[in-house]
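Undergrad: Sequence:
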Amino acid sequence: MKFLYGLLVFVPIAIVARIAGAPPIAVFIVSALAIIPLSGILGAATEAVAEHTSPAVGGVLSATMGNLAELIIAAVALRAGLIDLVKASITGSILSNLLLVLGAALLAGGLKFKVQKFSRHLAGSSSTVLLIAVFGLVVPALFQGLHPDPQRVATVRMSHYVAGLLIAGYAAWLIFSLGTHSSGFAADRGPPVTVAPKWSSNKAVVILLLAAGSIGLVAEVLVSATEEAVKVLGLSEFFVGLILIPIIGNAAENSSAIIMAMRNRMDLALNIAIGSSIQVALLIAPLLVLLGMVFHQPMDLAFTTMEVASIALAVLVTSSVIRDAETNWLEGVLLLLAYAVLGVAFFFF
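Residue numbers for the sequence shown follow this note's numbering, beginning at 1 and rising by one.
It is worth saying that the hints were derived from the structure and are not from the lab.
It cannot be assumed that every hint is accurate.
[Unchecked claim] So the derived label-pair ranges between C-beta atoms look like this:
no.	residue 1	residue 2	range
1	D84	S201	17 to 25 Å
2	P150	V9	45 to 53 Å
3	D149	L337	31 to 39 Å
4	K112	E228	41 to 49 Å
A virtual CB, placed ideally from N, CA and C, is assigned to each residue, including glycine.
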(Lines of atoms letter the chains of each structure in order from A; the text may use other names.)
(Lines give C-alpha, C1' and ligand atoms only; values in the text may rest on other atoms or scores of the structure.)
Protein backbone atom coordinates (compact mmCIF):
# COMPACT_ATOMS: atom_id res chain seq x y z
CA MET A 1 0.00 0.00 0.00
CA LYS A 2 2.91 2.38 0.71
CA PHE A 3 4.06 1.88 -2.88
CA LEU A 4 0.55 2.79 -4.08
CA TYR A 5 0.54 5.93 -1.97
CA GLY A 6 3.77 6.96 -3.68
CA LEU A 7 2.15 6.67 -7.11
CA LEU A 8 -0.59 9.10 -6.06
CA VAL A 9 1.73 11.92 -7.08
CA PHE A 10 0.73 11.13 -10.68
CA VAL A 11 -2.91 12.13 -10.02
CA PRO A 12 -2.28 15.92 -9.95
CA ILE A 13 0.44 15.52 -12.58
CA ALA A 14 -2.06 13.91 -14.97
CA ILE A 15 -4.62 16.67 -14.44
CA VAL A 16 -2.05 19.45 -14.84
CA ALA A 17 -0.59 17.76 -17.93
CA ARG A 18 -4.03 17.68 -19.53
CA ILE A 19 -4.78 21.33 -18.70
CA ALA A 20 -1.34 22.45 -19.87
CA GLY A 21 -1.78 20.71 -23.22
CA ALA A 22 1.08 18.24 -22.79
CA PRO A 23 1.68 15.68 -25.56
CA PRO A 24 -1.08 13.02 -25.59
CA ILE A 25 1.41 10.20 -25.06
CA ALA A 26 2.68 11.87 -21.86
CA VAL A 27 -0.87 12.50 -20.64
CA PHE A 28 -1.80 8.89 -21.37
CA ILE A 29 1.18 7.47 -19.46
CA VAL A 30 0.85 9.63 -16.34
CA SER A 31 -2.93 9.16 -16.16
CA ALA A 32 -2.47 5.40 -16.46
CA LEU A 33 0.05 5.49 -13.60
CA ALA A 34 -2.39 7.60 -11.58
CA ILE A 35 -5.24 5.10 -11.94
CA ILE A 36 -3.17 2.20 -10.56
CA PRO A 37 -2.94 3.52 -6.96
CA LEU A 38 -6.48 4.89 -7.04
CA SER A 39 -7.89 1.47 -7.96
CA GLY A 40 -5.88 -0.10 -5.16
CA ILE A 41 -7.16 2.42 -2.62
CA LEU A 42 -10.70 1.95 -3.92
CA GLY A 43 -10.38 -1.79 -3.31
CA ALA A 44 -8.96 -1.26 0.18
CA ALA A 45 -11.78 1.15 1.05
CA THR A 46 -14.37 -1.35 -0.21
CA GLU A 47 -12.90 -4.06 2.00
CA ALA A 48 -12.81 -1.67 4.96
CA VAL A 49 -16.48 -0.82 4.49
CA ALA A 50 -17.28 -4.54 4.18
CA GLU A 51 -15.50 -5.23 7.48
CA HIS A 52 -18.02 -2.99 9.25
CA THR A 53 -21.02 -4.89 7.90
CA SER A 54 -22.42 -8.38 8.38
CA PRO A 55 -20.61 -11.26 6.61
CA ALA A 56 -23.44 -11.55 4.06
CA VAL A 57 -23.56 -7.84 3.26
CA GLY A 58 -19.78 -7.60 3.26
CA GLY A 59 -19.49 -10.51 0.86
CA VAL A 60 -21.99 -8.99 -1.57
CA LEU A 61 -20.28 -5.59 -1.31
CA SER A 62 -16.83 -7.02 -2.01
CA ALA A 63 -18.14 -9.17 -4.87
CA THR A 64 -20.14 -6.45 -6.61
CA MET A 65 -17.56 -3.66 -6.26
CA GLY A 66 -14.46 -5.69 -7.08
CA ASN A 67 -14.25 -4.24 -10.58
CA LEU A 68 -15.63 -0.78 -9.84
CA ALA A 69 -12.50 0.98 -11.13
CA GLU A 70 -12.76 -0.82 -14.44
CA LEU A 71 -16.47 -0.02 -14.68
CA ILE A 72 -15.77 3.68 -14.13
CA ILE A 73 -13.06 3.76 -16.82
CA ALA A 74 -15.27 1.89 -19.30
CA ALA A 75 -18.26 4.13 -18.53
CA VAL A 76 -16.19 7.25 -19.23
CA ALA A 77 -15.00 5.76 -22.53
CA LEU A 78 -18.56 4.74 -23.41
CA ARG A 79 -19.87 8.25 -22.79
CA ALA A 80 -17.14 9.51 -25.13
CA GLY A 81 -18.44 7.17 -27.84
CA LEU A 82 -15.44 4.81 -27.81
CA ILE A 83 -17.58 1.68 -28.03
CA ASP A 84 -14.91 -0.50 -29.65
CA LEU A 85 -12.48 0.45 -26.87
CA VAL A 86 -15.08 -0.46 -24.24
CA LYS A 87 -15.80 -3.84 -25.83
CA ALA A 88 -12.09 -4.55 -26.14
CA SER A 89 -11.56 -3.71 -22.47
CA ILE A 90 -14.31 -6.17 -21.49
CA THR A 91 -12.71 -8.91 -23.55
CA GLY A 92 -9.25 -8.00 -22.28
CA SER A 93 -10.35 -8.05 -18.65
CA ILE A 94 -11.81 -11.55 -18.96
CA LEU A 95 -8.72 -12.82 -20.77
CA SER A 96 -6.21 -11.18 -18.44
CA ASN A 97 -7.91 -12.54 -15.33
CA LEU A 98 -8.25 -16.08 -16.67
CA LEU A 99 -4.84 -16.34 -18.32
CA LEU A 100 -2.44 -13.61 -17.18
CA VAL A 101 -3.44 -13.19 -13.52
CA LEU A 102 -4.28 -16.82 -12.83
CA GLY A 103 -1.21 -17.95 -14.78
CA ALA A 104 1.09 -15.63 -12.84
CA ALA A 105 -0.48 -16.78 -9.56
CA LEU A 106 -0.03 -20.47 -10.40
CA LEU A 107 3.56 -19.88 -11.49
CA ALA A 108 4.48 -17.84 -8.41
CA GLY A 109 2.80 -20.28 -6.05
CA GLY A 110 4.10 -23.32 -7.92
CA LEU A 111 7.71 -22.19 -7.63
CA LYS A 112 7.28 -22.13 -3.85
CA PHE A 113 5.03 -25.19 -3.43
CA LYS A 114 5.37 -28.32 -5.57
CA VAL A 115 1.61 -28.92 -5.79
CA GLN A 116 -1.16 -26.60 -4.64
CA LYS A 117 -4.71 -27.73 -3.97
CA PHE A 118 -8.02 -25.92 -3.73
CA SER A 119 -11.73 -26.59 -3.37
CA ARG A 120 -13.05 -28.94 -6.05
CA HIS A 121 -16.49 -27.41 -5.46
CA LEU A 122 -15.10 -23.97 -6.27
CA ALA A 123 -13.43 -25.23 -9.44
CA GLY A 124 -16.52 -27.02 -10.74
CA SER A 125 -18.98 -24.24 -10.01
CA SER A 126 -16.71 -21.53 -11.41
CA SER A 127 -16.17 -23.47 -14.65
CA THR A 128 -19.93 -23.86 -15.14
CA VAL A 129 -20.64 -20.17 -14.56
CA LEU A 130 -17.84 -19.20 -16.96
CA LEU A 131 -19.40 -21.38 -19.67
CA ILE A 132 -22.76 -19.63 -19.15
CA ALA A 133 -20.94 -16.30 -19.45
CA VAL A 134 -19.48 -17.39 -22.79
CA PHE A 135 -22.97 -18.47 -23.87
CA GLY A 136 -24.27 -14.98 -23.10
CA LEU A 137 -21.57 -13.42 -25.28
CA VAL A 138 -21.73 -15.91 -28.16
CA VAL A 139 -25.48 -15.61 -28.82
CA PRO A 140 -25.49 -11.84 -29.56
CA ALA A 141 -22.48 -12.30 -31.87
CA LEU A 142 -24.27 -15.11 -33.71
CA PHE A 143 -27.41 -12.99 -33.95
CA GLN A 144 -25.52 -10.10 -35.53
CA GLY A 145 -23.66 -12.46 -37.87
CA LEU A 146 -26.79 -14.23 -39.08
CA HIS A 147 -28.86 -11.03 -39.30
CA PRO A 148 -26.41 -8.38 -40.55
CA ASP A 149 -27.62 -4.91 -39.69
CA PRO A 150 -25.25 -1.96 -40.31
CA GLN A 151 -27.17 0.12 -37.77
CA ARG A 152 -27.25 -2.81 -35.30
CA VAL A 153 -30.67 -1.64 -34.06
CA ALA A 154 -32.05 -5.14 -33.47
CA THR A 155 -28.74 -6.31 -31.98
CA VAL A 156 -28.68 -3.45 -29.48
CA ARG A 157 -32.30 -4.05 -28.50
CA MET A 158 -31.70 -7.78 -28.08
CA SER A 159 -28.57 -7.04 -26.03
CA HIS A 160 -30.65 -5.03 -23.57
CA TYR A 161 -32.73 -8.11 -22.76
CA VAL A 162 -29.68 -10.39 -22.62
CA ALA A 163 -27.98 -7.89 -20.29
CA GLY A 164 -30.89 -8.11 -17.87
CA LEU A 165 -30.74 -11.91 -17.94
CA LEU A 166 -26.99 -11.94 -17.33
CA ILE A 167 -27.36 -9.63 -14.33
CA ALA A 168 -30.04 -11.96 -12.98
CA GLY A 169 -27.59 -14.82 -13.47
CA TYR A 170 -24.94 -12.93 -11.52
CA ALA A 171 -27.41 -12.34 -8.69
CA ALA A 172 -28.14 -16.08 -8.62
CA TRP A 173 -24.38 -16.77 -8.51
CA LEU A 174 -24.02 -14.46 -5.50
CA ILE A 175 -26.91 -16.15 -3.69
CA PHE A 176 -25.37 -19.55 -4.42
CA SER A 177 -21.76 -18.74 -3.52
CA LEU A 178 -22.41 -16.40 -0.57
CA GLY A 179 -25.66 -17.87 0.72
CA THR A 180 -27.09 -21.33 0.08
CA HIS A 181 -23.75 -23.05 -0.70
CA SER A 182 -21.29 -20.70 0.97
CA SER A 183 -19.59 -23.52 2.89
CA GLY A 184 -18.19 -24.92 -0.34
CA PHE A 185 -16.62 -21.57 -1.18
CA ALA A 186 -15.35 -20.76 2.31
CA ALA A 187 -12.87 -23.63 2.31
CA ASP A 188 -9.39 -22.22 2.26
CA ARG A 189 -6.23 -24.20 2.74
CA GLY A 190 -3.88 -22.66 5.22
CA PRO A 191 -4.29 -20.86 8.53
CA PRO A 192 -7.17 -18.39 8.81
CA VAL A 193 -6.38 -14.75 8.38
CA THR A 194 -8.26 -12.03 10.25
CA VAL A 195 -8.04 -8.48 9.00
CA ALA A 196 -9.12 -5.69 11.33
CA PRO A 197 -10.72 -2.63 9.73
CA LYS A 198 -8.04 -0.08 8.87
CA TRP A 199 -10.49 2.81 9.00
CA SER A 200 -13.75 3.66 10.73
CA SER A 201 -16.88 3.06 8.68
CA ASN A 202 -17.35 6.78 7.99
CA LYS A 203 -13.72 7.23 6.99
CA ALA A 204 -13.86 4.17 4.74
CA VAL A 205 -16.97 5.46 2.96
CA VAL A 206 -15.41 8.91 2.45
CA ILE A 207 -12.20 7.36 1.07
CA LEU A 208 -14.23 5.08 -1.20
CA LEU A 209 -16.19 8.01 -2.63
CA LEU A 210 -13.07 10.15 -3.06
CA ALA A 211 -11.21 7.31 -4.79
CA ALA A 212 -14.15 6.60 -7.11
CA GLY A 213 -14.51 10.29 -7.97
CA SER A 214 -10.77 10.62 -8.59
CA ILE A 215 -10.79 7.58 -10.87
CA GLY A 216 -13.64 9.14 -12.84
CA LEU A 217 -11.70 12.40 -13.19
CA VAL A 218 -8.42 10.75 -14.19
CA ALA A 219 -10.28 8.36 -16.51
CA GLU A 220 -11.60 11.42 -18.37
CA VAL A 221 -7.99 12.51 -18.85
CA LEU A 222 -6.91 9.02 -19.93
CA VAL A 223 -9.73 8.61 -22.44
CA SER A 224 -9.23 12.09 -23.90
CA ALA A 225 -5.61 11.23 -24.70
CA THR A 226 -6.16 7.67 -25.89
CA GLU A 227 -6.92 8.27 -29.57
CA GLU A 228 -3.87 10.47 -30.18
CA ALA A 229 -1.62 8.37 -27.93
CA VAL A 230 -2.31 5.14 -29.80
CA LYS A 231 -1.33 6.82 -33.06
CA VAL A 232 1.99 7.91 -31.56
CA LEU A 233 2.60 4.45 -30.09
CA GLY A 234 1.72 2.80 -33.37
CA LEU A 235 -0.89 0.64 -31.64
CA SER A 236 -4.55 0.14 -32.45
CA GLU A 237 -7.25 1.42 -30.12
CA PHE A 238 -8.47 -2.17 -30.02
CA PHE A 239 -5.12 -3.46 -28.71
CA VAL A 240 -4.93 -0.73 -26.06
CA GLY A 241 -8.40 -1.60 -24.82
CA LEU A 242 -7.68 -5.31 -24.86
CA ILE A 243 -4.25 -5.35 -23.18
CA LEU A 244 -3.40 -2.05 -21.47
CA ILE A 245 -6.71 -0.85 -19.98
CA PRO A 246 -7.46 -4.11 -18.08
CA ILE A 247 -3.95 -4.19 -16.60
CA ILE A 248 -4.16 -0.52 -15.58
CA GLY A 249 -7.57 -0.84 -13.96
CA ASN A 250 -6.90 -4.07 -12.07
CA ALA A 251 -3.18 -3.93 -11.26
CA ALA A 252 -3.64 -3.71 -7.49
CA GLU A 253 -6.28 -6.44 -7.29
CA ASN A 254 -4.34 -8.72 -9.61
CA SER A 255 -1.23 -8.53 -7.43
CA SER A 256 -3.36 -9.80 -4.53
CA ALA A 257 -4.03 -13.07 -6.40
CA ILE A 258 -0.30 -13.64 -6.83
CA ILE A 259 0.39 -12.87 -3.16
CA MET A 260 -2.34 -15.28 -2.03
CA ALA A 261 -0.93 -18.05 -4.24
CA MET A 262 2.53 -17.54 -2.76
CA ARG A 263 0.95 -17.99 0.69
CA ASN A 264 -0.70 -21.21 -0.53
CA ARG A 265 -4.15 -19.62 -0.25
CA MET A 266 -5.29 -21.00 -3.59
CA ASP A 267 -9.03 -20.73 -2.95
CA LEU A 268 -8.58 -17.01 -2.43
CA ALA A 269 -6.29 -16.68 -5.46
CA LEU A 270 -8.85 -18.43 -7.67
CA ASN A 271 -11.68 -16.36 -6.23
CA ILE A 272 -9.85 -13.17 -7.17
CA ALA A 273 -8.89 -14.21 -10.71
CA ILE A 274 -11.86 -16.30 -11.82
CA GLY A 275 -14.38 -14.39 -9.71
CA SER A 276 -13.32 -11.17 -11.40
CA SER A 277 -13.84 -12.72 -14.85
CA ILE A 278 -17.31 -13.89 -13.86
CA GLN A 279 -18.16 -10.42 -12.59
CA VAL A 280 -16.99 -8.73 -15.79
CA ALA A 281 -18.98 -11.10 -18.01
CA LEU A 282 -22.18 -11.26 -15.96
CA LEU A 283 -22.28 -7.81 -14.36
CA ILE A 284 -19.88 -5.22 -15.81
CA ALA A 285 -20.58 -5.94 -19.50
CA PRO A 286 -24.39 -5.95 -19.04
CA LEU A 287 -24.26 -2.77 -16.94
CA LEU A 288 -22.32 -1.03 -19.71
CA VAL A 289 -24.96 -2.11 -22.23
CA LEU A 290 -27.65 -0.56 -20.03
CA LEU A 291 -25.52 2.56 -19.51
CA GLY A 292 -25.40 2.84 -23.29
CA MET A 293 -29.11 3.68 -23.19
CA VAL A 294 -28.45 6.44 -20.65
CA PHE A 295 -25.57 7.89 -22.70
CA HIS A 296 -27.44 7.36 -26.01
CA GLN A 297 -24.62 5.13 -27.27
CA PRO A 298 -25.45 1.93 -29.24
CA MET A 299 -23.56 -0.42 -26.93
CA ASP A 300 -24.32 -4.11 -27.48
CA LEU A 301 -22.95 -7.54 -26.60
CA ALA A 302 -22.08 -8.54 -30.18
CA PHE A 303 -18.32 -8.92 -29.93
CA THR A 304 -16.09 -9.79 -32.89
CA THR A 305 -15.55 -13.41 -33.85
CA MET A 306 -11.92 -13.13 -32.71
CA GLU A 307 -12.97 -11.85 -29.28
CA VAL A 308 -15.64 -14.49 -28.74
CA ALA A 309 -13.33 -17.28 -29.88
CA SER A 310 -10.55 -16.03 -27.59
CA ILE A 311 -12.85 -15.89 -24.55
CA ALA A 312 -14.21 -19.36 -25.31
CA LEU A 313 -10.69 -20.79 -25.66
CA ALA A 314 -9.57 -19.06 -22.45
CA VAL A 315 -12.50 -20.55 -20.52
CA LEU A 316 -11.80 -23.98 -22.02
CA VAL A 317 -8.11 -23.86 -21.09
CA THR A 318 -8.77 -22.50 -17.60
CA SER A 319 -11.45 -25.12 -16.91
CA SER A 320 -9.03 -27.82 -18.01
CA VAL A 321 -6.34 -26.52 -15.65
CA ILE A 322 -8.52 -26.29 -12.54
CA ARG A 323 -10.77 -29.33 -13.05
CA ASP A 324 -8.60 -31.65 -10.89
CA ALA A 325 -8.51 -29.10 -8.03
CA GLU A 326 -4.71 -28.96 -7.95
CA THR A 327 -2.12 -26.95 -9.84
CA ASN A 328 1.62 -26.61 -10.39
CA TRP A 329 4.02 -24.09 -11.90
CA LEU A 330 3.88 -25.65 -15.38
CA GLU A 331 0.15 -24.98 -15.66
CA GLY A 332 0.87 -21.37 -14.77
CA VAL A 333 3.44 -21.14 -17.55
CA LEU A 334 0.98 -22.63 -20.04
CA LEU A 335 -1.71 -20.08 -19.13
CA LEU A 336 0.81 -17.26 -19.55
CA LEU A 337 1.86 -18.73 -22.88
CA ALA A 338 -1.76 -18.79 -24.03
CA TYR A 339 -2.15 -15.13 -23.04
CA ALA A 340 1.04 -14.21 -24.92
CA VAL A 341 -0.18 -15.99 -28.06
CA LEU A 342 -3.47 -14.08 -27.93
CA GLY A 343 -1.59 -10.84 -27.28
CA VAL A 344 0.51 -11.33 -30.41
CA ALA A 345 -2.58 -12.20 -32.45
CA PHE A 346 -4.46 -9.09 -31.27
CA PHE A 347 -1.41 -6.91 -31.94
CA PHE A 348 -1.67 -7.80 -35.64
CA PHE A 349 -5.49 -7.95 -35.65
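Undergrad: Now tell me, hint by hint, if it's right for this structure.
TA: Hint-by-hint comparison with the structure:
1. D84 <-> S201: 17 to 25 Å: violated, 41 Å
2. P150 <-> V9: 45 to 53 Å: This hint holds: roughly 47 Å between Cβ atoms.
3. D149 <-> L337: 31 to 39 Å: holds, 38 Å
4. K112 <-> E228: 41 to 49 Å: holds, 44 Å
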